[in-house]
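J.: Given the sequences, and given the hints that come with them, work out the whole structure.
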Amino acid sequence: MQDVIEHFDDDVEGSFLGMCVRAPENSLRRGISAYDLTMFNTPQLERLVVELGELPEDEKTPVVKRVIEAADQTIRRAGYMLFIGD
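In this text, residue positions in the sequence shown follow my numbering: the first is 517, and each later residue adds one.
Treat each hint with caution, since some may be false.
[Claimed, not checked] What follows is a list of derived Cβ distance ranges for each label pair:
no., residue 1, residue 2, range
1, E575, D602, 17 to 23 Å
2, D574, D519, 17 to 23 Å
3, P559, R582, 17 to 23 Å
4, E541, V520, 17 to 23 Å
5, G530, G569, 16 to 22 Å
6, V528, T558, 28 to 34 Å
7, D588, R546, 28 to 34 Å
8, R592, E529, 28 to 34 Å
9, R546, D574, 18 to 24 Å
10, V520, D574, 16 to 22 Å
11, L598, R538, 19 to 25 Å
12, G547, G595, 15 to 21 Å
13, Y551, V528, 17 to 23 Å
14, R563, F524, 17 to 23 Å
To be clear, the hints were calculated from the coordinates, so they are not data collected in a lab.
Glycine included, each C-beta is placed from N, C-alpha and C at the ideal position.
T.: Written out as C-alpha cells, the structure is:
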C-alpha cells in the first residue's frame, strides 16, 4: 500500500496533457496516457524532470511547474508518481 502525498489535476486548458501529446515520440512525457494509468519510478522521474526543465519558458505552465516539484519530492522519497488519465 502506498501513501498518497499529494494529488492535483491538470488546469482547465489541459496544458500538461497537451504538452505530453505534442512531445517527441522518444520522450518520456509522450508516454503519459490520457486514458489510462501511467506510473513512473525514480529513474524515470529524473528523466521527466530533465525533459520538463528543458521546455521553453512559455510552456512551463503552473501545472508543469507543479509536476516538476512533485516529481522532485517523489524522487527524494524514492517513491512512484502516478498519472491518472480520463
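J.: None of the hints should be skipped; say for each whether it holds.
T.: Evaluation of the provided hints:
no.	hint	verdict
1	E575 - D602: 17 to 23 Å	holds, 22 Å
2	D574 - D519: 17 to 23 Å	violated, 35 Å
3	P559 - R582: 17 to 23 Å	holds, 21 Å
4	E541 - V520: 17 to 23 Å	violated, 31 Å
5	G530 - G569: 16 to 22 Å	holds, 21 Å
6	V528 - T558: 28 to 34 Å	holds, 31 Å
7	D588 - R546: 28 to 34 Å	violated, 21 Å
8	R592 - E529: 28 to 34 Å	holds, 29 Å
9	R546 - D574: 18 to 24 Å	holds, 19 Å
10	V520 - D574: 16 to 22 Å	violated, 31 Å
11	L598 - R538: 19 to 25 Å	holds, 22 Å
12	G547 - G595: 15 to 21 Å	holds, 19 Å
13	Y551 - V528: 17 to 23 Å	holds, 19 Å
14	R563 - F524: 17 to 23 Å	holds, 21 Å
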